[in-house]
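J.: Each residue of the sequence shown is one higher than the one before, starting from 1 at the first, in the working numbering.
Hints are supplied without guarantee of correctness; some may be wrong.
What follows is a list of derived Cβ distance ranges for each label pair [unchecked claim]: (1) G144 - G119: 17 to 27 Å; (2) G144 - I106: 48 to 58 Å; (3) V22 - R65: 48 to 58 Å.
Derived PhoX-like pairs (lysine-lysine); straight-line CA-CA distance at most 25 Å [stated by the list, open to error]: (4) K40 - K113; (5) K152 - K98; (6) K152 - K113; (7) K8 - K40; (8) K8 - K163.
Read the hints as simulated data drawn from the structure, not as lab findings.
By construction, the Cβ of each residue, glycine as well, lies at the ideal position given by its N, Cα and C atoms.
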Amino acid sequence: MHARSERKVLLAVGKIVKPFGVRGELVVFPMTDNVERFRKLKRVYVGRSEDSVTETSVTHVALERRGVRLRLSDCTTRTAAEALVGALLFVDEQDAVKPAEGSYFIHDLIALKVVDTDGQYIGVLRDVVRYPAHDVYVVEHNGGEVLIPAVKEFIKNVDLEHKTMTVRLIDGMLTEPDTVDG
């Protein structure tokens, strides 16, 4: 594996969960909606975080019911595969499959200013929590958090150029943080 020399924007596409067999194959939990994307992988970055990755090439991909099975050029033994368990697989943003219309990379959404349909400031999007039904946006608001389902009924517009998300909230979604009387 080769250490990464220049700073690139990397996107996590999977997590290595266990070795497979004795020749260094890896079982990967996909962090993408479309596992078919793994078939096109040629080069990946492997590491515990985006700041500590090494670049390697993908030599084999098999899609299975419980995940994706990969073989990396520099991982040829079970011992080497075991050492990678828990590591993430990243791709260069330039090589990533672009999201469909109306879908976004999570890193593009983090730090967006969130306003309601009347233009009133709500807060800043700090996290995206993934659930089977849909994602939920975590927005920092008045020292607390507002959880906004990532569905069209609530998300009215995402403007990445102006770094703004417009939402329609229902009564009761915005609550002031509890205060403790002493």
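J.: Determine for every hint whether it applies to the structure shown.
T.: Status of each hint after checking the structure:
Range check, G144 to G119: about 21 Å between beta-carbon atoms, so the 17 to 27 Å window is met. G144 and I106 have their C-beta atoms about 22 Å apart, which leaves the hinted 48 to 58 Å range violated. Evaluation of the 48 to 58 Å hint for V22 and R65 yields a failure: the beta carbon distance comes to about 22 Å. For the proposed pair K40 and K113, the alpha carbon gap of about 35 Å is over 25 Å, so the pair is violated.
For the suggested pair K152 and K98, the alpha carbons sit about 20 Å apart, so the restraint of at most 25 Å is met. Under the criterion of a C-alpha separation no larger than 25 Å, the hint pairing K152 with K113 is consistent with the structure, at around 18 Å. Using a Cα cut-off of 25 Å, the hinted pair K8 and K40 holds, with the two alpha carbons roughly 20 Å apart. Distance check on the hinted pair: K8 and K163 sit about 21 Å apart at the alpha-carbon level, within 25 Å; holds.
Checked against the numbered hints given earlier, the structure breaks hints 2, 3 and 4 and satisfies all the rest.
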